[in-house]
Structures are given as structure tokens and as C-alpha cells.
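The lines below spell out each chain.
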Amino acid sequence: MKLNLTLPKFLRIGLLPAIVIALMGIAFVVAMVRYIFGIGAISDLSYSYPWGFWISFDLFTGVVISSGGFLMAGSVYILGIKEFKPLLRPSILTAFLGYIMVAIALLVDLGHPERIWYMMIHWNHTSVLLEIGICVMTYLTVLAIEFAPVIFEGLKWEKWAHLIHKFIMPFVILGVVLSTLHQSSLGSLLLIQPAKLHPLWWTPILPIMFFVSAISVGLAMIILESSLSSRYFKRGLETPLLEKLAKAIPVVLVLYGLLKFGELTVARELGLLFTSGTMSVLFWAEILIGVVAPIIWFSIRKNRLSPNGLLTGAVIVLVGMILNRFNVSWFAVKHPDPLFYVPTFMSNVKYFPTLPEVAVSIGIFSAGIMAFGLLAKYFPVFEDEHEMEELHQPSKGLQSLPSAADD
Amino acid sequence: LGAAGAGVLALGQMLPTKVALAARDAGLIDAAGDGYIHSMCEMCVWRCGLIAKVKDGRVVKLDGNPELPHSRGNLCPRGQSGLMNTYDPDRVLTPLIRAGKRGEGIFRQASWDEALDLVASNMSKIKDKYGAEAMVFSSTHNLSQPLFENLLYAFGSPNYGTQRSLCFNAMIVANLMTYGMEEPARIYNDELKYIILTGRNLLEAISTSETHDLSAVIDRGAKVVYLDPRFTKTASKATEWLPIKPGNDLAFHLALLNVIISEKLYKSSFVDQYTVGFDELKNEVSRYTPAWAAPLTGVPVETIVRIAHEFAAAAPHALAHNGWRTSNFVNSFHTQRAITILNALVGNWNVTMTAAAGEGAGLGAPSQPAYPRISALRLDGVPWKYPVVPFKIGVFQEMRDNIVTGDPYDAHGWFIARQNPVMSLPDRGKTLEAFGKMDFIVTTDIILNDTAWFSDVILPEASYLERYDPLVPVGNKAFIRQPVIEPQGEAKSALWIYKQLGERLGLGDFFQYTDEEDYIRQQLAPLGVSLEEVKAKGYAEMPEGESAGYTWNTPSGKIELYSDTLAKVGFPGVPTWEEPPQPKEDQFYLLTGKVAQSTQFGTQNNQLLHKYSDEPRLWMNAKTAAKLGLVTDDWVEVTSEVGQIHTKLLATQAIRPDCVYMTPGYGHLSKGLKTAYGVGASDSAVHVTHTDPISGGQALSQTFVTVKKA
Amino acid sequence: MTEIKHHAFLFDATRCIDCRACMVACSVENNIAMDKTRIWVAGVGVKGEYPNLQRGTMVYHCMHCDHPDCMSACPVGAYTKADDGPVTYNPDLCIGCRYCMNACPFGVPHFDYDKGIIEGAFIDKCTFCPQRIYNGQEPACVQTCPTDALEYGDRTNLIAKAHARIAAHPDRYIDHVYGEFENGGTSYLILSHIPFSELGLPTLPETPVNEVSEKVMEMTIPFALGWGAVLTGVAAGVGLYNKKKEEKSALDEKAEAKK
Ligand SMILES: Nc1nc2c(c(=O)[nH]1)N[C@H]1C(S)=C(S)[C@@H](COP(=O)(O)OP(=O)(O)OC[C@H]3O[C@@H](n4cnc5c(=O)[nH]c(N)nc54)[C@H](O)[C@@H]3O)O[C@H]1N2
Ligand SMILES: Nc1nc2c(c(=O)[nH]1)N[C@H]1C(S)=C(S)[C@@H](COP(=O)(O)OP(=O)(O)OC[C@H]3O[C@@H](n4cnc5c(=O)[nH]c(N)nc54)[C@H](O)[C@@H]3O)O[C@H]1N2
Ligand code: SF4
Ligand code: SF4
Ligand code: SF4
Ligand code: SF4
Ligand code: SF4
Ligand SMILES: [Mo]
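Chains as they are written, first to last, in our numbering: chain A, 1 to 407; chain B, 1 to 710; chain C, 1 to 259.
Isolated chain A, as found in the complex:
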């Protein structure tokens, strides 16, 4: 029970939780103001900027960094790569919390949060947003199911945990399908803006780009979060496992790079690479940090084997790819020119996120971290510290398939 001794220490860094709770408080207050006086009261969103920081950070970033969940579930259950199991639960938890955070943020951004369920009954089949909405909501349920055993075990309701193991498989498959769909659909969301999104980013294959990059981000996130937790929780780091993931990243990124430049070549838009001013800069920043640098970094064995090397590499990937999400959903989106406008309240065509806006995101984010800490403390998230073979004999049916809990 080393855990119980070490975990409180995480909490005993009294300052951290205090700050976290404060941030949550602020976000809550801001949200209340928004609900009473309207979105305009706390944000700089306007006629010409309907979407801003919340969408770029909480939705686009939030979803992509939660992609570790389906990657691990897929590898462990479907591809049967048992050795990754130690990484399974943490990444499912990250995903689970990640999507909850997304959902909460959307409840602040939506004009009619109380109507979010309308998406379930009023279907407009041409709307990418509808698909994303439904996928996310369903996937959240799937994640809950995938994570439930951990809770049950924590509560010592082994029967229930066992029951879920038996029928986990269909859910895993569903989860992977849903993830594939909405991870890519976030890209499709911008397909409707060929006139607004800069051609360096707008391409019919946006969904594919989004999916591929999501994989690299997912891998990076698993590395990051194992490294961090291993530090906090003073657990050994699964370096050999992470090394494998790290090896995979360059492969994925090379594919990504090929797609990106391939598309630009086909679309005859290579010219724009250097002629688009700020846009060119943003583009190159994204490519160099998010693609080129990691490929080089992780191709060096030394970096893959040292904890610091892994951590650094993961961070680089994340920075680059998150920049990509911001570019696609914000920086590279064209907005009305500052023309002569009447009435004058039309002519505000600039946007800069306000502090309250950012505060909401930060609040939600810290809540997520807090939740991770607590769950990890009281529930068997890092299963390798648990001994529970005796728990159950392989049962019939999918018996030989590994399940979240057995070891």
C-alpha cells in the first residue's frame, strides 16, 4: 500500500489544490455572469467572431488530447497487445475526463445549453456538428463503461466489474469507431469554410489530416501523462512501453507530413508556403514544431530511452499539434474586413479573448487535473500496483481476451 503513503503527499502540497479550487471558483462565477447577462458580458465574441478561445482550446484541443483513450483501448483489446495494459486505465481516465471537460465548456459556449439534448432528437443529417455532438455524447457513455470497472474495483464490487469485463468488447469497438469519426469530423467542421479558412489549411482531406494527427497526439499524451504521473505518484515509469509508442510517433508524423505536402502539391498551393505572410509563419511553426522536430527527436534512440527525452518529445508534438488546432479553428480563419459599416456596432471585426473567457477554460482544466489526482488516489487507476489475479478465473466466451482488470 505504498500508494496511500505517497498519494496524500500530492495533496499535501497544500498550495496546489488550493489554487486549483480557487481557479474553479473563478470559472464558476464567470459562468454564472455569462448565464445571466449573456455571452457578450464576459467574452469578446461578436457578430464577426462567433467562435473564439473556447472552441479552439476546449473543443478542438480538448478532444484531440483525449485521443489516447481509444488508441490504448484499441491496441490492448482489439489488437490484443497486452503489454500496453499498464497504460490502458490512465489513458482511458484521461479521455473520460477530457471529454467531460469538453462537454462542460460547450455548456458555457452554447447559447441554449439547456437545449443541448435537442441534438438527439432534431437531426439535420448534413450537419457535421450534429455528428460530432452525437459521437461525443455517445463516446462519453462508452468511456464511462470502459472506466467503470476501476470504480467498481475501488468499491470492491468485483461482481459488477467482472460483468462489465465480459461484455466490454462491443463497447471498445464502438468507442474506436466513434473516436475515429469525431476526431476526423472536427476537421470536417471547417470544410464548410473554404471561403474563410486559409488555403494552407483548407483541404477536402481535413478529416484525414485530423485523424492522423490525433493519433500522434494521443501517443504523445500517453507518454506525457505517464511521465508526469510517475513523477507525482513516485511510481516506476514504463519506459520500455513508452519507448515503443515513441517509436511509432515518427511513423505517424511522416505519414501526416506526406499527406499535408502531397495535398498542397496536388492543389497547386505550394506557392502560398512563403507568400502568405503571417499565415506562412504560422504554417511553418506548426510543421517544424509539430512534425519535423518530433520526427528527428524520436528517431534518436537515446531520447526514446531517457524519461526526460520522452517527456520533451511528447511536449514538442503537443505544442505543434495544438498550434495546428488553433490555426485551423481561429488564426487562419478569415473574418470581415474592417470596411465602412453602418450601424457602427457592426464594425467591430477584431477579436481577442478576454480574461474571463480564458478563466473559464483554465477553471475547467484544473478541475480535470484535480479529478485525475483524486481518482488516481482512491481507485486502482495504475493497476500494476495491484495484485488481483485471484479475482477471477478466465470465463467462457471471450475468456482469453484480456480485460481491463485481469493481469
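To be clear, the hints were calculated from the coordinates, so they are not data collected in a lab.
Be a bit skeptical, because a hint or two may be false.
[What the hints assert, rightly or not] Partial selection, computed: residues in chain B whose CB lies under 7 angstroms from chain C:
1) 45
2) 72
3) 100
4) 207
5) 239
6) 243
7) 608
[What the hints assert, rightly or not] The calculated lysine-lysine pairs, modelled on DSSO-like cross-linking and capped at a C-alpha distance of 27 angstroms, are:
8) 36(C) to 623(B)
9) 437(B) to 350(A)
10) 671(B) to 437(B)
[Claimed, not checked] Okay, the calculated bits of chain B under chain C, using three or more residues with CB under 8 angstroms as the criterion:
11) 405-413
12) 647-656
C-beta: ideal position from N, C-alpha, C; glycine also.
With chain A fixed as given, assemble chains B and C with the ligands onto it according to the hints.
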């Protein structure tokens, strides 16, 4: 402009009573009080026909009436916004009596009886003490004006100030001297080929039908030459924009006359048959060659010559437009004469212009006794200082000045009706000084305009959507203004107010009608049409008045190129060059001019117009601004010899480098205008009073200002 | 007025005097709050250098696209495109995601940023005045226009009229009727003397901007099913393989034991 106190139009509920019944009898609205009522716009003096949509006794929409020649189904932005004047939260809805010092804006509500008695007693007091002439009256063109004039002439005062000398005196007097009529009608037909607009910004200073006509003519491909120091919206649609040096339009037109006469481009048959004084004219304008005019106007010689040729070639399907607010310089009368004569020389008469249908002909009116003889001099110098200015037109700013000097005598009371002299007269400070000399000031208005703000009693008139006015003839129809909703609060029609005062002053004989409807019935009597019929149709047919043909109401009976009338009183008989004063090195011409989203000084508080108005700023040529180190939205200090204001700057290409421009009607003093108060600055506060010695017109572009960063 | 199969507007920038009567008319007719509008002016304003100047402004409102992107984007189907032209919005379905605002290439839909959830924050945009056009009246903005810069009628006729105008005054107009083909055709047709971009109009292809995303959406369901099947297959395969392996190792153990 940005959002006003964001209210929606639906302000409270109000159920119709008398109006609804009348409208119901006329079959205009149903039992629920919903329907359409024909009436007339009064957001400006053009008076377009409107059809008001009424719901639950509230007017919810105004549309143009296709049948009225002044609207033809369209309304301008001001007309569209009209119901917001009526529902303005700042409306004055009960008589008010001043309770604090003048200008403090402290008033107490009073009953009509109390207010009217107070006014009547004060007027009588002044009359008894100083004579009727010590009571001055002023009012701006409106349909009940004849009754207002009854009030003052029956009362016995010669002192009557109208907006006209601030507006169109130069044009009116020039037409009277030339054609013997105030303003010939303009004809925009399919043949019209060529138009010269001298500062007539028809596409912003809107008269719905004429604006439509001009736009259609341009669209058809007619050539439009537009003279204006500013690149107005009219300039942007004209075929040719000449950014003429202010005040030098006279030189331009004299040069046109010179070319047309020296090159014999005029229509000699017409000139010989219908005009007098050609030789005097010829010999005067021979001096005004294009070469002479070019440096003065800033218009190249060849351009002047070309335009003269084009104009003559297009004639008689050509029109030199007189303009309307021709109160620009002390030489504006000559400019106007030159323009009228230009039309005469090329024989445009009865082709692009003709005698306006005689107003009022065919309508009846309540009988009334003759006015008492009035012996006192007029304070405004008509005719003793301005011999050719008609009595009913007058010289308003001169009257104000002589009130201040008390010469030839002191005035003690001022009755102001639907007018805002505090803003519309030049030199606001001086106007307030004149107010200061008054024992008693009474104003009728619908809101607390700046003049009401400084008055002792305010009589709230019902808005044009809430009242009857006398019928007005347009062409061969007489149109009605009728209430489309009940007057709000205690507001009453001018017909009612003047009658009440008349009776209290013992002048009841001049107001022989029981109520508004009775007045209109008496007007309709000769036509044998019922009021109900007119209410339903919106107008009554009138017998066709036969056109004047080729006779003119001048001493000679002809078009007077040379006017003996003028010569007799010592003015040049033919248009003659008068050098306009010029700004000093560091000064600018201060220009004024209407914008489409407001009328004069009375609609800036209309939230709908406010919503769609540009922020009023001082226009300055971008290059000049750069030289002075000024950029758009800088606060600047604008100084003339009579005043100083602070306002924001707009650096623009659209104005001559030696001019600046301000939108009139902002910078209100009255805190009773919650939407307009604090917006922009008032050009009237810096305008210097200069009067055209012949027409008595105020020279509104003859104010020179310095501008520096505030 | 001739019978109208497809309601449309024709706006002629060369005639518009920027008087804003249309805007006031819209606000009154539709009882729009003072800090909102369904119709506005945009453009470069005064252009050029004194004294060689031009004015470029246009009156903007919903283009009533033939393939509305707002409608394509809205997750809950709050928008409807009538067969005879008008595109309208239904507040009762709206969840306030503002995706329509992003989707609309013309930046038309507006949102109540100033309203909380109690008041209810909604999208607003030009409705084409159904209460008027279906009662034989012109839309409020059109009816009042003092210069006929805004006209209303049947789309086909107006397109013909527009081309006729260009033909009559080739010197005056850019030889293009904006909206005839842009974004797959719109019901707001525009004539101009200066480049349309200077009026604030986006340069759009003839295919509606929602084309690609709608295609992708069509492929979604099939893809999902296919992908699901594949994954199940793989899972089963792997499962079987592992089972075999275990049995095999079990046999080997027996063999060992025999020795
Ligand atoms: N600086 C400057 N001065 C100018 C001009 C300019 O362009 N610039 N223009 C000149 C010209 S052309 C003119 S015509 C004059 C106009 O000068 P004024 O006639 O003095 O100005 P208005 O604003 O027309 O005054 C109309 C008044 O009537 C009120 N009113 C509106 N409706 C009603 C109603 O139904 N009943 C009553 N009783 N009152 C009502 C309004 O509130 C307003 O106060 O100004 C001249 N002065
Ligand atoms: N929207 C709106 N329409 C109106 C009115 C209103 O208040 N608002 N008022 C109505 C009334 S009462 C009147 S009198 C008419 C007035 O209508 P207009 O006769 O057009 O008069 P303004 O608009 O006052 O001024 C017209 C132009 O004269 C220019 N100007 C100034 N000085 C000179 C000069 O020396 N030479 C030349 N060539 N141009 C010069 C100014 O730049 C301005 O653009 O409008 C009527 N229509
Ligand atoms: S021109 Fe405009 S304001 Fe004047 S009467 Fe006509 S509609 Fe009313
Ligand atoms: S203009 Fe925008 S809002 Fe209007 S129909 Fe087209 S896409 Fe929809
Ligand atoms: S804001 Fe409302 S109308 Fe617009 S897309 Fe979202 S749900 Fe549909
Ligand atoms: S059609 Fe109706 S709703 Fe649309 S802009 Fe015109 S007036 Fe407003
Ligand atoms: S009413 Fe007509 S002229 Fe005036 S702004 Fe609107 S479209 Fe232009
Ligand atoms: Mo005037």
C-alpha cells in the same frame, strides 16, 4: 451611430377612442383597431403621402403612399422613422411651465387652462405696456401656419421670423425678381438631358420624389454637373463633380452666361419674345470670361466653356437647378439670379421648368375679418433695410440682432412655433442673448428641443400622426393629414391651440371653426366632397388650375433679365460680380449641409435615425489633416470670431483642402433630449451672422474657422 | 407585379445613395431592437484621392442562397429554405452553437450576445418579410427605397433585367451579376461599378461552400459501419489466434510430462 438606449418600438398599449371611431366610420380600421390610414409625413417640409399601419390603436409601420406625387410609394429614412418621433420617450405630453431659472430645464406640469391663460395674459401685458410689436413671433413652414399668422397679425405684431432667410431667400427673391414667382416647378421628363446642380445635394438632402426623379434621370444616362466643395453622395452619382471654391459659384455662372451670350448659344427667338433687359445683361457679363472665372472658381477654362456648350446644346432639355438652401454667401442672390437667367436664355421655360400650381386655389376657408393696420416698423428691416424681401419671408437673423441691440425698439415677448431658432439661427450665443432680453417666451413643440429648453411655457402639440392639419393642395389634389392614433398625453393640435389662444386674446373671429374636422369641412365645402370620403381616400380631387403659359407676374409681364425693381432701390439690375470674403491663411471655410438621416435640428433624438446615423465629426481633407498632424477621431478645437466648439475629426478625401464641414443639428443644449444630448457639436455655435443685402439670406458658408488639436 | 416563382432582390450599387431608408424600414416592420439590425451598409466608402473620387457602399442582408450554408450547418435544422426562395430561421430549435454564423460566407446571421439564458439568446437574420411578400406587398426595405436601388421580383426576370442594364450601360457596370452563380446562386443579386470585393462581398465559387462537407457527411454512416465490421473482424481474429496459441502451449506441456 452605436446603439441607443435599446428600446423596442412597442412601448406600452393604448386603446383608440375618438380617432378609432372616426377611422372606423371611414372604414379604415376594424373593430379591433387594426387597419391602414392615409395621411402625410411631416418629418420634413416635403410632406410625402403615407399609409400608416395601425394595430390595437398603435401605429406600427409607415409606408409611402403611391398616390401622392411627393412620395410615390417611397418614404425617406426620416419618413420611415416618423413613428419614433411620435413614440419618443422624451415627448412633451403636458403643458410645461418653467419652475427654475431659464436654461436650467426645471419645469412643472400644468393644465392647458393654466398654461393658455398664462400665455394670453403675458401677451396682453406686453401689448398693453409696450405695444403689440414688442411681441415677436416666429415659426417654420407647416400646415397650420396660416392660423399662426392669424394669431400674430390679428394680435397686431409686424414681427414675424421664419426659417426662410436661413434657407432659401436668395433663391426665392431671385425667382421673384426674374419670373415673378417664388419657385418654378422643375420637370424631370424622359427628354431631360443635362442638369447643373449648384450645391443642391438632392441625394442626401432628400425630397423623396425629386430625389427619385434625379436618380432615375442619372440612371437613364442624362449628364449631371454638380458643384460642391464636398464630395457628397450626389457628387458620387453625378457625371461630373466640380469641387468649386465656396462662394464663387457666381463667377462660374456668370462665365457660363458670358460664353452663351458671346458665342450666341442662347435661343434668341425666346429671348426676344419673352424677356427684357438682354442688352444690359450682355454688356455686364461681357467682363466675366471663363479665363476670369477659372482662378476664382478653381474650375479650368476649358471645363467652363465645355459645360456652357453642352448646356446650350442640350437646351431646352437642360436644367440649371436653383438649389434650395441657397443661404451660403452674401453674393448668393446674384448667384441665384444668374442661374434663373441661364435657364431663361436657352429657353427651358415650360420644358424643364414651369409655373408652380397656385397653392390653395379651389379650397374654401373659414371666413375672418381683415387684420388690423400695423404701423410699427418691422424689427427685421423689411422693407426699410431690405426693400425687395417679401413680408412673409423676412430676415430672421436681422430680427434677432435688432432684438439684441434694442434698435429701433425693444421686444419683450417671443412666441415660437415648431421652430428651433436656438439651433437654426447662426451664432447661438447671440440668440440666447436675445432670449435673455425677453420677459416671456412661449414655444410649441413635441419634444424639449433647445428652444423649448430656454422657454417659459411649452405647449405640447400633438405629433403629425396624432392630429389634423388643414388640407394641402398638391397639383390637382388636396391631401389630408389626419390622426392615425389618439394624441398621447395632453398633446393637442395647433388648430386647437391657436384657436384657444385666439379666443383668450379676444381674437375669436379669426378662428371661426368649432374643431379640426369642422375646419377641414369648410375647406372642402366648395369641392362638395365629404370629410369621410377624403379620410378614406387620403385626398380630394380639385378643379385643374390652368397653366400660366408664357405670362409672368413681373412689372414687365416678361422674364426680367434686367430688373428695374432692383435698380430702383439701388441694387444692380443684372447679376453682377460681388467678391465673396475669403478665409485667412490659417482659416477654413466652415461648410454645413444635411444628411439623409436627420432633419434640421429636430430629429437627432429619434432613436431609429440615431441608430443608422454616422457619428457627426468635423470633416477635413486628409492631406490637410496630415499637415496639421491630425488623424481621424482626434478631438479638435474649432474657433470662429463668435464661438468655439470641440468635436471629433474625420480625415477624408471627400472635401476641398480649404474647407471643413459639420453636420448640422448636433451638440444640443437640451438635456431633455436623452438620445441626442452629448452627441457631436453645434455648428450654429460658431456660425457668424452675415446677411445678403439684397435677399436677406443668411450666409451660412461665410464662417471662417481655425482648427487645432484640443 | 408579375407572378413570382422565386422571390429575389436586385440591388444596384450604382443607384444606392446610402440613405438607409431600407434599414429603418426593416427595423420598424420587424420591430428590431435598437441595438440590432437585419440589414446594414458595408463597403470601402470613399475611394481614391481628392479630387478623383468614387463611393463604394452596398446594402447587406441575407442572400437567401439557393444552397444555404446556414441550413447545411445547423445541427438541429433550425433553418428552412422555401421552394420559392426565402431562407428562414426557427428560434424554437436553436441551441445557440453559432455554427451557422461560421458557415455563412456572407456573415449574415447575428446572435444575441447580450441576452442570458432566461431572456433567451437567439440568432436573427433577414426573413424576406413573409408577412408582406405573401400578402402582395414588397419587402419593407424594397418598398421604401427612394431610388429603386433595391428591387424585388422573380429571380429569372431580375437576372434578365440585370443583364439588360449592363448591356445598356457597359461603361457603368462591371460585367457580372453577383449572386447569379456565386455559392450555387443566391436570391440577392448585385450590380456594381466597383469590384465586388470592395463592397465587402466574398469571392466565391459557383459550387456552394457546403458541397464538400455535405459529401463527407454522406459517407459517414457507411464508413462507420464498415470500420466497425473491420474492427470486429480483427478483434475476433486476434482472439482466435491467442486461443490457438494457448491450446498449443497446453499440448506441449503434456508432451513434456510424458517424457
Ligand atoms: N447650421 C445650420 N443652420 C441651418 C441650416 C443648416 O443646414 N445648418 N439649415 C437652414 C435651413 S435650410 C432651415 S429650413 C432652417 C430650419 O430651422 P428650424 O425650422 O428652426 O429647425 P427645425 O429643426 O426644422 O425646427 C423644427 C422644430 O419643430 C419641432 N417639431 C417637429 N414636429 C413638430 C410638430 O408636429 N409640432 C410642433 N409644434 N413642433 C414640431 C422639432 O422638434 C423642431 O424643434 O435651419 C437653417 N439653419
Ligand atoms: N435629409 C434631409 N433632407 C432635407 C432636409 C434635412 O434637414 N434633412 N432639409 C430640407 C430643407 S429645409 C432644405 S432647405 C433642403 C436643403 O438641401 P440643399 O439645398 O441640398 O442644402 P444643404 O444640404 O444644406 O447643402 C447642400 C450643399 O451645399 C454645399 N455648399 C456649402 N457652401 C457652398 C458653396 O458656396 N457653393 C456650393 N456650390 N456648395 C456649397 C454643402 O457642402 C452641401 O453639401 O433639404 C431639404 N431636405
Ligand atoms: S422627404 Fe422624407 S421626411 Fe420629408 S416628407 Fe418625405 S418622407 Fe417625410
Ligand atoms: S446568406 Fe448566409 S444566412 Fe443567408 S441564406 Fe446564405 S448562408 Fe444562409
Ligand atoms: S446557432 Fe442555432 S441556428 Fe445557428 S447553427 Fe446553431 S443551432 Fe442552428
Ligand atoms: S426583406 Fe424584410 S427582413 Fe429582410 S431586410 Fe428587407 S425588410 Fe428586413
Ligand atoms: S433605401 Fe435604397 S438607396 Fe437608400 S440605402 Fe437603401 S438601397 Fe440604398
Ligand atoms: Mo430649408
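Outcome of the hint check:
1. The interface hint given for residue 45(B) is violated, since its Cβ lies 16 angstroms from the closest Cβ of chain C, which is over the 7 angstroms cut-off.
2. Here the hint on residue 72(B) is broken, as its CB sits about 9 angstroms from the closest CB of chain C, past 7 angstroms.
3. A distance limit of 7 angstroms between C-beta atoms decides the matter here; for residue 100(B) the minimum to chain C is near 31 angstroms, and the interface restraint is violated.
4. Residue-level restraint check for residue 207(B) is violated (minimum Cβ-Cβ distance to chain C is 9 angstroms; threshold 7 angstroms).
5. The beta carbon of residue 239(B) comes no nearer than 10 angstroms to any beta carbon in chain C, farther than 7 angstroms, and the hint placing it at the interface is violated.
6. Taken as an interface hint, residue 243(B) checks out: its beta carbon lies about 5 angstroms from the nearest beta carbon of chain C, inside 7 angstroms.
7. Because the beta carbon of residue 608(B) sits about 5 angstroms from the nearest beta carbon in chain C, less than 7 angstroms, this interface hint is met.
8. Taking the CA atoms of residue 36(C) and residue 623(B), the gap is about 36 angstroms. The hint is violated against a cut of 27 angstroms.
9. Pair hint residue 437(B) plus residue 350(A) does not hold up; C-alpha atoms about 54 angstroms apart against a cutoff of 27 angstroms.
10. Of the supplied pair hints, the one linking residue 671(B) and residue 437(B) holds, its CA atoms being roughly 23 angstroms apart against a limit of 27 angstroms.
11. With 0 residues bearing a CB less than 8 angstroms from a CB of chain C, the stretch 405-413 of chain B misses the requirement of three and the coverage assertion fails.
12. Here's how the stretch 647-656 of chain B fares: 5 of its residues keep a CB closer than 8 angstroms to some CB of chain C, so the rule of at least three is met and the hint holds.
The structure does not agree with the numbered hints 1, 2, 3, 4, 5, 8, 9 and 11 stated previously, though it agrees with the rest.
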